[in-house]
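Undergrad: Here the protein sequences line up with chains H and F, keeping their order. According to the numbering used here, the stretch in the first sequence is residues 1 to 302, in order. According to the numbering used here, the stretch in the second sequence is residues 303 to 684, in order.
Just so you know, these hints were derived from the structure itself, not from any lab. Here the structure is a predicted model, which is why all the values come from computation and not from measurement. There may be inaccurate statements among the hints.
Chain F side only, calculated, beta carbon under 8 Å to chain H, not exhaustive [claimed, not checked]:
1) Leu382
2) Phe417
3) Met432
Now the in silico label distances, taken between C-beta atoms and shown as ranges [as the list claims (entries may be wrong)]:
4) Asn637(F) x Arg198(H): 43 to 49 Å
5) Gly636(F) x Arg123(H): 48 to 54 Å
6) Leu435(F) x Phe111(H): 34 to 40 Å
7) Lys483(F) x Arg141(H): 55 to 61 Å
8) Phe384(F) x Leu43(H): 52 to 58 Å
9) Arg198(H) x Asn347(F): 31 to 37 Å
10) Arg342(F) x Arg296(H): 49 to 55 Å
11) Arg342(F) x Arg141(H): 43 to 49 Å
12) Phe111(H) x Asn347(F): 31 to 37 Å
13) Arg198(H) x Leu435(F): 28 to 34 Å
14) Ser413(F) x Arg123(H): 19 to 25 Å
15) Ser465(F) x Arg296(H): 28 to 34 Å
A virtual CB, placed ideally from N, CA and C, is assigned to each residue, including glycine.
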Amino acid sequence: MTRTLVPEDQPAPPEASQELERRAADARSRRGLWIASAPAAYLVLLFALPLLIVFVYSFATRGTTGQTILADWNITAYARLFNPLVREIVLRSVGYAAVTTVISLVVSYPFAYYIATRPARMRNVLLVLVMIPFWSNFLVRTYAWRVLLSSSGPVSQLTQLLGMGQTRLLFTTTAVVLGLVYGYMPFMILPLYAAIERIDLGLVEAARDLYASGARAFWRVTWPLSRPGVVAGSILVFIPSLGAYVTPEILGGSKTTMLGSYIVRQFLSARDWPFGSALSFVVTALMLIATLVYFRTGGRTL
Amino acid sequence: MAVCVSSTCDRDWNDQPALRKQIRPAMSATAVDLSDVSKRFDDVNAVDHVDLAIRDGEFFSLLGPSGCGKTTTLRMIAGLEFPTEGRISIFGDEMGLRPPNMRPVNTVFQSYALFPHMTVSDNVAFGLQMRRLDRREIRRRVGDALELVQLTGRERRRPNQLSGGQQQRVALARALVNEPKVLLLDEPLGALDLKLRQAMQLELKDLQTRVGITFVYVTHDQEEALTMSDRIGVMDAGRLLQVGVPEEIYERPTSPMVAEFIGDTNLLPATVKADGQIELVGGQIVGADITASPGAEIMVTLRPERLHIVDADGSFPDGHNAIDGTVARRVYLGNAVTYGILAGNVTLRVRVRNAPGQRQFDVGRRVQVHWAGDAAVLVERG
Ligand SMILES: Nc1ncnc2c1ncn2[C@@H]1O[C@H](COP(=O)(O)OP(=O)(O)O)[C@@H](O)[C@H]1O
Ligand SMILES: [Mg+2]
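Required output: the full structure, derived from the provided sequences and hints.
TA: Below, the structure written as structure tokens:
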């Protein structure tokens, strides 16, 4: 069988129309520039410029009374990033953020899948329910956890009732991670939902038709196709968890200090602006790099 | 011999003058058997008491207008949907609630449903991988399948880098590579343009003959069904109206719906008189090749191409029926001319071939329309 049924690719357009196409593309990109100018101004004024200031401050000198001297530029602050306490706090923060991300993903996936596979009207109701917590203040909700987890709170009362004795959850790692998962899970659910909702269920049926069990159809089709949502959700949970301040402040103790609190302490109590700036800058830069890597990989298809 | 469960089955067993394919002596086995199958969605009867026996090795088409339940029927065979009532067997095995992955069938989906994140060869290999075949065996069979559908050299492409026709053939290869006992195809050519579709029709038919797999082919395109099928089942509103070879469906429709859906036709209400003659509603008496009981309210179907026109005083063969009329409309179609002939209170569509020497008629002219006795087919009034 050598016949070809399909007409092969069309001939390339002649030069004149290529020229036209190029001009049209130029016009499009000029228009794009115009539209982008407002967000660009916003980013420069409120993000790039402050970051630059932080960057400059990180090379400044701390005066003996804690004032910042914008002279004698040096890299002492960066050298101090390698001291054991900083390492401990960084590792702890990354650890907490990673655990928070994994737990959020595992809990959110079935949740998002369930929502995405409901009829349209039901979906909207469920999505609103996911977002309802945002309607009340994050600080208030975190304090609520403090009540729930305290040694006289309902959780403890329940364990006492079951004869397991008083629980000591508050000010522990568990409490912090619990608070982080609670606080950031919607940021996992929403992108997951968006990704799963876009998957053509016909593809899963095709996999089933091709001898895949339900589980294998999931791992070979649904999971890879929902990856953009997994990546986006993970970044949206990981980054704020890494820099979390409120949650570890309220639910954690001295042994659960995270980066956010540590940086704040440099600016407020320690009055060491250069060191705080160096910490802030490195954390921000690393997060930027992580985000870029994301956009280069799975994120592009989002 | 076949174990024919359905009522339609034994009938067309006996009166098949021209089975297009008389190659397989073992054509007797029933590949797919639907026994009183119904499917209800909420308050819609998507499939309504369907009895059907599809034979091993045949190219069977389910034909009907959009929404008549074709896809639902196919999905129930595939196991993607389960009947509300009735039973489905494949080669004698009752399927019950068996999931799709446990059934010896594969499907070519209407929108192809190619996995967008996999290459062409990974798509085609999928079924074999799920069945855990040997890696080398998979590679060989995927290569063969891609060669069969002329996609060699496209292995590493993604589905979105292929044309519609190529995607269609990947979907075909992905199903065929598994060598299923029955291949289900849901309007597989629907998204292609006319030229390609016609080429693929012949190609598919050819392929089916070569691989010898039973094809259950869903389409709403009557021409496609006539071109490709060994037998056709015509559906409407969830019910299977008639099953037969293309000639039978076209020439001896048993219901007005089938007559109208398959090709163009003139459907005329009529009654059977006491002497067995047939009286059109206009009072005209005509002969037809089937007798019906006196007093019955029936429909007569007359295909436009079986009607002929002569001048009002012209002659026509003995034994032909004739009606006087006036040319009301004339439409030039290139290879033919269709006329609307006003005869009493009905307008008959007549198709006249546009051949050299063929007489054509002007609008307003008084003419006679005549046809052979067997051109008029009685159908029950729906
Ligand atoms: N999942 C479903 N839920 C509700 N109604 C459905 C569903 N699938 C099909 N139907 C209805 O069943 C009827 C037959 O549909 P279908 O089998 O897709 O027809 P066809 O393939 O012949 O166009 C239609 O009225 C359709 O709206
Ligand atoms: Mg359909």
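Undergrad: Compare the structure with each hint and give your call.
TA: We went through each hint and held it up to the structure:
Annotation: interface hint on Leu382(F) holds; nearest CB of chain H at approximately 5 Å, less than 8 Å. At about 6 Å, the closest approach between the beta carbon of Phe417(F) and any beta carbon in chain H falls short of 8 Å, and the interface hint on this residue holds. Taken as an interface hint, Met432(F) checks out: its beta carbon lies about 4 Å from the nearest beta carbon of chain H, inside 8 Å. The hint said 43 to 49 Å for the Cβ distance between Asn637(F) and Arg198(H), and at roughly 48 Å that hint holds.
At roughly 52 Å, the beta-carbon separation of Gly636(F) and Arg123(H) lies within the given 48 to 54 Å, and the hint holds. At about 36 Å, the CB distance of Leu435(F) to Phe111(H) agrees with the hint of 34 to 40 Å. At roughly 59 Å, the beta-carbon separation of Lys483(F) and Arg141(H) lies within the given 55 to 61 Å, and the hint holds. Judged by the Cβ atoms, the range 52 to 58 Å given for Phe384(F) and Leu43(H) holds: they are separated by roughly 55 Å.
Between Arg198(H) and Asn347(F) the beta carbon distance is about 32 Å. The supplied range of 31 to 37 Å therefore holds. The hint said 49 to 55 Å for the Cβ distance between Arg342(F) and Arg296(H), and at roughly 50 Å that hint holds. Checking the proposed 43 to 49 Å range against Arg342(F) and Arg141(H) shows it holds: the Cβ atoms sit about 47 Å from each other. Checking the proposed 31 to 37 Å range against Phe111(H) and Asn347(F) shows it holds: the Cβ atoms sit about 36 Å from each other.
Separation of Arg198(H) from Leu435(F) is about 32 Å and conforms to the stated range, judged on CB atoms against 28 to 34 Å. Checking the proposed 19 to 25 Å range against Ser413(F) and Arg123(H) shows it holds: the Cβ atoms sit about 22 Å from each other. A C-beta distance of roughly 30 Å is found between Ser465(F) and Arg296(H), which places it inside the suggested range of 28 to 34 Å.
In the structure shown, no violation is registered for any of the earlier numbered hints.
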